[in-house]
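Visitor: From just these sequences and the hints, can you work out the full model?
So the sequence lines, in the order shown, correspond to chains A and B. Take the first sequence: its position 209, counted from the start at 1, is 209 in full-length UniProt numbering, and no numbers get skipped. Take the second sequence: its position 9, counted from the start at 1, is 9 in full-length UniProt numbering, and no numbers get skipped.
Any given hint could be a false lead.
One copy or any two copies: either way a pair holds, since identical chains are not told apart in the list.
Distance condition first, Cα-Cα at most 25 Å in a straight line; then the derived SDA-like pairs of lysine to any residue [stated by the list, open to error]: (1) Lys287 with Leu237; (2) Lys154 with Val205; (3) Lys287 with Leu127; (4) Lys101 with Pro112; (5) Lys251 with Gln196; (6) Lys183 with Asp120; (7) Lys227 with Gln238; (8) Lys251 with Asp120; (9) Lys101 with Glu178.
Hints in this document: simulated from the structure, not taken from any laboratory.
Number of protein chains: 2
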Amino acid sequence: MLKLISELNRKLIDLKKAILTPGKRVHKQFQEDMENVLINIVTGKTNNEKTTSVFSPGKQSSFLGISPLKIDEINREGRPFRVAIEGNIGAGKSTCIDYFKRFPSVETYGEPIDWWRNVDGDNLLELLYTDIDKWISVFQSYVQLTRLKVQTSKPQNQNTTVQIFERSIQNNRFCFLEHAYRKGSLNSADYAVLDQWYRWIRSNVDINLDLIVYLRTSPEVVYERVKSRNRPEESGLQFQYLVDLHESHEKWLMSNDERFNNIPLLVLDGNQPISEMEKQYKIFEEKIIGHETKGLKRADSTDLSKAKKNLKMDF
Amino acid sequence: MLKLISELNRKLIDLKKAILTPGKRVHKQFQEDMENVLINIVTGKTNNEKTTSVFSPGKQSSFLGISPLKIDEINREGRPFRVAIEGNIGAGKSTCIDYFKRFPSVETYGEPIDWWRNVDGDNLLELLYTDIDKWISVFQSYVQLTRLKVQTSKPQNQNTTVQIFERSIQNNRFCFLEHAYRKGSLNSADYAVLDQWYRWIRSNVDINLDLIVYLRTSPEVVYERVKSRNRPEESGLQFQYLVDLHESHEKWLMSNDERFNNIPLLVLDGNQPISEMEKQYKIFEEKIIGHETKGLKRADSTDLSKAKKNLKMDF
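Guide: Structure (structure tokens):
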């Protein structure tokens, strides 16, 4: 079994490399084989029954899989299982969170936008829109602080075994901060200070996530969604910004950069309509909130072997 | 004894108030009485032998005393006794630190200026001088981070029982940050974010100091010292800046603001020449590094009662 897992992990890495090499075409049969293997691993199925996942390299593709990190590398020390829902604007993060809200042992946390709108009386989000170059540094610092607070918060209900977050402090570091630096809004000194803060936090505070659920979408699909849902703060959103953010998510979650991919990752096809997405959530429910459905109370380190078994992440 | 202590604490507070009330003249005999009482408390003497302390309200005064905080409110959890040396530019902080370097169980930490000069290649200190309004926010954020790292660092030698720091993260928050905000270099949003970071740190990390030694000086004296020592980076220093910094130190350390004065405080007359200062250090040696001289190894919480006795901070 271990040999098979090791072989699969190697193939998964090859596949990721192939996807990420521009212009390289991946053999269709190999794609399909790998996809089925990965589906079987994450769902625990032995047949070849397909899910709604579609894999189409060369354009904005969706991909279903889970990363090979050993889950027992994470020391949870009695805290709940932490899940971050990641994805572009319009990827369906809120809908996903709403789906999991119904479970009594799950607590969900939206993005702390209200805090960004009122920092002791100042609206940092508004300031950012008026002059991004002037305000991006302090805004990023505050996003880092507020995400740190959210992600390390104790659950309100002591029976909560799973915490689900809309985005994460890791997202802020590796997706939005990288994006602002690449685009030139953040200068190198601001970037370096924010990076050093992140390193300090990571080394001194348990900000570990136990699972990232990446709602992978194409910029075209989310652009249409954003236009049709007509939220006032998104009215000025440019298509190019969604393309940039998509690329930032891809670089963070789909690359082989060791700094980035040390968290178990479940990639779902976010281009599907809501009804199809809910079918995917149903399929992966046990992976995401398995602690709860199997009746495990507040997980601690002694529960890890049971949890691993429960989650079938035994590679 | 407890009643006497309580009475003395009340008088100390009255005296502080009197000193801080502009234009108010304090009765000379009361001053001298209080001064002697305070000297006796901190030195443990029962006679009225005077030290070099001089108290002269109405101009930049020096004042010798120690604050009434109960030392057992601090939970040190096995770490060394932490002392911060505070004071204006030219107050003699380096000389003080050099004095205590000689003790084998003391480790000393200068200000992390080299880090500020090289943040992954950028010289933040230089950038700050070129455009203070543009760079003060990220500079303050980095000072906060580097002081946090220094102040929570493990000693290199496992026999170290006392860590002595040149300034502190508390200084940064209550002296330099306040100063930058009052002077208008820091806007309210930057100030609020840095303040919220400080609050998070204070609530989540042990940054407690066990003693602050305040080398209290007059701006006139330190201005002369700074001019004569001729350090290149201090060549452009204005007298008014030293006055402002003096006031910031006074507001922080000599006020009755509860946010500020929760750390045991030893105030020494920093206007004296080096030879006189060294006499003061000799007198207060046991207060500052008593753990070492009494042969206490690495202090832990069970040592606290002994340490308290040793330090004679039993009020």
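Visitor: Checking Lys287 and Leu127: alpha-carbon separation at most 25 Å within a copy, between copies, both or neither?
Guide: neither (40 Å within a copy, 49 Å between copies)
Visitor: For Lys101 vs Pro112, is the C-alpha pair at or below 25 Å within one copy, between two copies, both, or neither?
Guide: For Lys101 and Pro112, only the intra-copy Cα distance (17 Å) is at most 25 Å; the inter-copy one is 47 Å.
Visitor: Taking 25 Å as the upper bound on the Cα-Cα distance, should Lys287 and Leu237 be classified as within, between, both, or neither?
Guide: neither (34 Å within a copy, 62 Å between copies)
Visitor: Please work out whether the CA atoms of Lys251 and Asp120 approach to 25 Å or closer within one copy, between two copies, in both situations, or in neither?
Guide: So Lys251 and Asp120 pass the 25 Å test across copies only (23 Å; inside, 35 Å).
Visitor: At most 25 Å between CA atoms: does that hold for Lys251 and Gln196 within a copy, between copies, both, or neither?
Guide: Within. Shortest intra-copy distance 20 Å satisfies the 25 Å Cα cut-off; inter-copy 31 Å does not.
Visitor: Between the shortest in-copy and the shortest cross-copy C-alpha distance, which are at most 25 Å for Lys154 and Val205: within, between, both, or neither?
Guide: Answer is both; intra-copy 14 Å and inter-copy 17 Å each pass.
Visitor: At most 25 Å between alpha carbons: which applies to Lys101 and Glu178, within, between, both or neither?
Guide: Neither: 31 Å inside a copy, 43 Å across copies.
Visitor: Give the relationship of Lys183 and Asp120 under a CA distance limit of 25 Å: within one copy only, between copies only, both, or neither.
Guide: between (29 Å within a copy, 19 Å between copies)
Visitor: Check Lys227 against Gln238 for me: Cα-Cα at most 25 Å, and say if that holds within a copy, between copies, both or neither.
Guide: The answer is within: 10 Å in one copy meets 25 Å, while 57 Å across copies does not.
Violation of the numbered hints given earlier is confined to hints 1, 3, 9; the remaining hints are satisfied by the structure.
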